[in-house]
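Visitor: Next come the chains, spelled out residue by residue.
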Amino acid sequence: MSAAWVAVLVVGAATVALKAAGPVLAGERDLPLQGSRVVDLLAPALLAALVASQAFSTDEALVLDERAAGLLAGGVAILLKAPLLVVVVVAAATAALLRLVA
Amino acid sequence: MRGLFLHTASSVLALSPELKTAGPERAAERGGYRLGLRAVTPLLPAVVAFGVSFGVLAQAAGMGAEASIAMSLTTFAGSAQFAVVSVLGAGGTAVAAIGAAVLLNARYGPMALAAAPAFRGGRLRRLLEAQLLVDESWALSRREGGFDRRVLLGAGAGLYVGWSGGTAIGVVAGDSLADPATLGLDAAFPALFLALLAPLLKNRDALAAAVLGAGIAICLTPITPAGVPVIAATAATLVGLRRPAAAASPSYLGRSPAAQDQGDERAPSTEEARA
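Chains as they are written, first to last, in our numbering: chain E, 1 to 102; chain W, 1 to 275.
The hints are simulated quantities; they were obtained by calculation from the structure and are not laboratory data. As the structure is a prediction and not an experimental result, all values here were calculated from the model. Among the hints, erroneous ones may be present.
[As the list claims (entries may be wrong)] Just the calculated beta-carbon pair ranges, DEER-fashion:
1. E:Leu64 <-> W:Ala90: 23 to 31 Å
2. E:Ala82 <-> W:Leu124: 38 to 46 Å
3. E:Pro83 <-> W:Thr93: 41 to 49 Å
C-beta atoms are modelled at their ideal positions from N, C-alpha and C, and glycine is treated no differently.
Make the full structure from the sequences, and use the hints.
Guide: This is the structure we're talking about:
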């Protein structure tokens, strides 16, 4: 079997297991509730980390490129209460225009 | 080129089974799925474009058409798949590629555990439905006190079709297609996550968790393998263990009864999420 197929099968199986473990095992059961405040904070913590890593990193390096400008423009659109589609388009268009003139 | 992507995205919408389901008793259910699909629509051109570029790069790295498409159908997670392609394309071993990809996808453990109470039915059904959980469907389906299963599945199905379809296009069409970065599409994702984050920042704990999470991710990026920064950012949730000041969590006061039903009682702790 080629290295590609080994990687595809093992990564596929691992990802299926990672996504299914919680819903299958913890499923309908009642879990201790002392962690609920912590779980409420999972969304802001993870979303902020995703923003940071997707805007400011390439592989394992910190970079400041057109994505940062796109994010800034998207942030202004968010402050102006623009709908999600507008936020996404503004961010993409800003990065694309800057790359065009660069 | 963008016209092609938009056209592809609208074909994706037309193909979705949610829009064809029959029976008036299913109207409410269908509405939920459709809500998820509609929520994710602004992202579909970017998702398809990145699926295309994954197909192109996987072909260039010598993965082969079948393995490339099989990976989008089974792994269904962009960053991990690009990691595999870049390791294999640079002559790395399968073990190195697997290690990088599994690290990148490890965040789905705690994310799926947080969303676990939303899933329904037997184990096989839960296993299958959980596969539609990716960053975007998870974030879009989050509601106060829980996750909306139909929104997650509707958004996830749209993303799945867009990502796999894009991969197939890339494998077939090759590098005659434009790089999505030229269109600025790589800036669309951080902007999306910021837009979903903004409304959550209404109390001090949430703001602290967000600032800390982003800070952890930034600080760890240059010194840890890709994937570790985002998992480590879950440690920021521990600010929730502070003794709550009376005004610290107003979000608990404005919660709807429906949200309470599927809310705190079943929510797991972070310690379990990271175990």
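Visitor: With reference to the structure, classify each hint as holding or not holding.
Guide: Each hint, compared with the structure:
no. : hint                             : verdict
1   : E:Leu64 <-> W:Ala90: 23 to 31 Å  : holds, 25 Å
2   : E:Ala82 <-> W:Leu124: 38 to 46 Å : holds, 42 Å
3   : E:Pro83 <-> W:Thr93: 41 to 49 Å  : holds, 46 Å
Going down the numbered hints, you'll see the structure goes against none, and every one checks out.
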